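Novice: Each chain, written out:
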Amino acid sequence: MELQMVAIESLTLDPNNARKHSKRNLDAIKESLSKFGQRKPIVVHNGVVIAGNGTLEAAKTLGWKEIGVSVCPDDWDSDTAKAYALADNRSSELAEWDEKILSTQLLDLDDMGWAIESLGFDKPLLPDFKPEDIEQPRLDQRAATMCPQCSFEWRVGAKGEIEPV
Amino acid sequence: MSLLIAPCSFDAAKYAVMNWHYSQQMPIGKLISYGVWEDEIYIGAVLYGRGASPELGSAYGLSQVECCELVRVALNKHKASVSQIVSQTIKKLKETNPGLRLIVSFADPEHDHKGIIYQAMNWIYCGQSSPSKEYYYKDKWFHSRMLRPTGFGTIPEIARLSKEQQKQLPTREMKGKYRYIYPLDKAIRRSVDKLRLPYPSAVEGSIASRDNSVVEVQVQSLPTALES
Numbered sequence: 002m003e004l005q006m007v008a009i010e011s012l013t014l015d016p017n018n019a020r021k022h023s024k025r026n027l028d029a030i031k032e033s034l035s036k037f038g039q040r041k042p043i044v045v046h047n048g049v050v051i052a053g054n055g056t057l058e059a060a061k062t063l064g065w066k067e068i069g070v071s072v073c074p075d076d077w078d079s080d081t082a083k084a085y086a087l088a089d090n091r092s093s094e095l096a097e098w099d100e101k102i103l104s105t106q107l108l109d110l111d112d113m114g115w116a117i118e119s120l121g122f123d124k125p126l127l128p129d130f131k132p133e134d135i136e137q138p139r140l141d142q143r144a145a146t147m148c149p150q151c152s153f154e155w156r157v158g159a160k161g162e163i164e165p166v
Numbered sequence: 017m018s019l020l021i022a023p024c025s026f027d028a029a030k031y032a033v034m035n036w037h038y039s040q041q042m043p044i045g046k047l048i049s050y051g052v053w054e055d056e057i058y059i060g061a062v063l064y065g066r067g068a069s070p071e072l073g074s075a076y077g078l079s080q081v082e083c084c085e086l087v088r089v090a091l092n093k094h095k096a097s098v099s100q101i102v103s104q105t106i107k108k109l110k111e112t113n114p115g116l117r118l119i120v121s122f123a124d125p126e127h128d129h130k131g132i133i134y135q136a137m138n139w140i141y142c143g144q145s146s147p148s149k150e151y152y153y154k155d156k157w158f159h160s161r162m163l164r165p166t167g168f169g170t171i172p173e174i175a176r177l178s179k180e181q182q183k184q185l186p187t188r189e190m191k192g193k194y195r196y197i198y199p200l201d202k203a204i205r206r207s208v209d210k211l212r213l214p215y216p217s218a219v220e221g222s223i224a225s226r227d228n229s230v231v232e233v234q235v236q237s238l239p240t241a242l243e244s
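Chains as they are written, first to last, in this note's numbering: chain A, 2 to 166; chain B, 17 to 244.
Since the hints were derived computationally from the structure, they do not count as laboratory data.
Don't take every hint at face value.
From chain B, some residues computed to sit far from chain A (all C-beta separations above 12 Å) [what the hints assert, rightly or not]: (1) Ser25; (2) Gln40; (3) Gln41; (4) Ser49; (5) Gly51; (6) Asn92; (7) Ala96; (8) Arg117; (9) Asp124; (10) Ser148; (11) Arg164; (12) Glu180; (13) Gln184; (14) Thr187; (15) Asp209.
Pairwise CB distance ranges (calculated) [as the list claims (entries may be wrong)]: (16) A/Gln106 to B/Gly45: 33 to 41 Å; (17) B/Gly77 to A/Lys124: 48 to 56 Å; (18) B/Ser69 to A/Ile135: 54 to 62 Å; (19) B/Arg161 to A/Lys83: 54 to 62 Å; (20) B/Pro186 to A/Ala116: 41 to 49 Å.
These numbers come from a predicted model, not from an experiment.
Cβ coordinates follow ideal geometry from the N, Cα and C atoms, glycine included.
The task is simple: from the sequences and hints, build the whole structure.
Specialist: What follows is the structure, given as structure tokens:
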């Protein structure tokens with residue numbers, strides 16, 4: 002794979018990009034570029050971006066002049082480029098989050114002062130359970146039994162005796 | 017920081033166990049569940065039950081209603097020490113269950129737990145329970161007692177398998193768990209103190225120190241899971 006820095010103005014957004022970027026999505030990419038810089042190249046075929054259109058848009062908004070690209074091989078035709086663009090988007094879409102690990106990591110980052118929203122996530126909510134005035138079972142008593150005929154309630158006592166309840 | 021320990025709902029206890037305890041399994045049977053709140057935020061639960069054996073107290077001359085098991089300490093990140101939290105739940109347990117005389121708990125060496133919290137609270141260490149065998153069935157490991165046709169903890173679906181089918185299940189040997197006990201009155205303390213053994217060391221080859229509690233709590237608190 003050949004990586005190169007090219008002038009942003011020499012690149013064109015894919016007019017047929019099947020993937021739409023919402024404002025929230027672009028904001029998250031912008032935040033990521035600002036915080037971490039560009040860590041992955043965008044993919045270009047004949048001057049048109051086929052993977053990383055959101056990154057290019059965000060970089061333009063940030064006023065960047067250059068961006069890192071990976072240029073497709075010369076022998077790719079437009080169908081191959083189209084197939085790659087779809088596969089690239091779809092393959093990441095098919096991955097799933099491990100919700101438990103995700104929420105633990107987000108809470109950790111939140112604790113360390115990271116703005117979770119700027120990474121494109123909603124702040125994970127901790128469960129809002131309240132103390133409850135509920136009767137807990139007794140572990141120092143056997144369960145009571147009620148006679149279905151006379152309603153006499155009893156349990157077996159500590160020494161095996163019948164103990165009225 | 018305010019710390020509140022109070023009875024909590026089954027749902028709250030289950031949430032804590034499923035999210036913050038390594039077992040991700042609610043114990044079966046009668047349970048007393050105490051929720052833990054720090055600065056009014058729910059951070060977990062401490063659960064007591066009758067335990068997996070009806071003979072839990074017999075080794076100490078106690079009946080089933082005089083002895084219980086600390087079955088789960090399932091905490092998210094917390095500021096208070098686990099010892100402080102568990103101590104407060106024991107105090108509440110004694111108030112509402114005055115007939116209880118002893119608490120038993122187990123630390124699982126399979127999960128690198130040695131029971132440092134119990135050591136920090138001066139529980140009595142009584143040695144390891146017998147090793148056990150687990151059977152693998154439908155993506156889960158099951159204790160051998162769950163395969164018995166009847167009795168405590170039986171899982172009917174596996175118990176119904178023929179002996180031949182059970183023999184074909186993958187198995188694994190599990191180390192015995194470290195057993196700790198906590199007497200709740202002076203008389204029982206006097207009678208069980210003779211069972212006291214030196215604590216298993218926190219780090220192989222070293223002597224257990226109460227200071228190690230901090231280390232184990234931190235290790236276990238992502239999410240915190242003090243097994244029992």
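Novice: Hint by hint, note whether the structure agrees.
Specialist: Against the structure, the hints come out as follows:
{"no.": "1", "hint": "Ser25", "result": "violated (5 Å)"}
{"no.": "2", "hint": "Gln40", "result": "violated (9 Å)"}
{"no.": "3", "hint": "Gln41", "result": "holds (15 Å)"}
{"no.": "4", "hint": "Ser49", "result": "violated (7 Å)"}
{"no.": "5", "hint": "Gly51", "result": "violated (6 Å)"}
{"no.": "6", "hint": "Asn92", "result": "violated (8 Å)"}
{"no.": "7", "hint": "Ala96", "result": "holds (16 Å)"}
{"no.": "8", "hint": "Arg117", "result": "violated (9 Å)"}
{"no.": "9", "hint": "Asp124", "result": "holds (20 Å)"}
{"no.": "10", "hint": "Ser148", "result": "holds (24 Å)"}
{"no.": "11", "hint": "Arg164", "result": "holds (23 Å)"}
{"no.": "12", "hint": "Glu180", "result": "holds (38 Å)"}
{"no.": "13", "hint": "Gln184", "result": "holds (32 Å)"}
{"no.": "14", "hint": "Thr187", "result": "holds (28 Å)"}
{"no.": "15", "hint": "Asp209", "result": "holds (22 Å)"}
{"no.": "16", "hint": "A/Gln106 to B/Gly45: 33 to 41 Å", "result": "holds (35 Å)"}
{"no.": "17", "hint": "B/Gly77 to A/Lys124: 48 to 56 Å", "result": "holds (53 Å)"}
{"no.": "18", "hint": "B/Ser69 to A/Ile135: 54 to 62 Å", "result": "violated (27 Å)"}
{"no.": "19", "hint": "B/Arg161 to A/Lys83: 54 to 62 Å", "result": "holds (60 Å)"}
{"no.": "20", "hint": "B/Pro186 to A/Ala116: 41 to 49 Å", "result": "holds (47 Å)"}
In the structure shown, a violation is registered for the earlier hints numbered 1, 2, 4, 5, 6, 8, 18, in ascending order.
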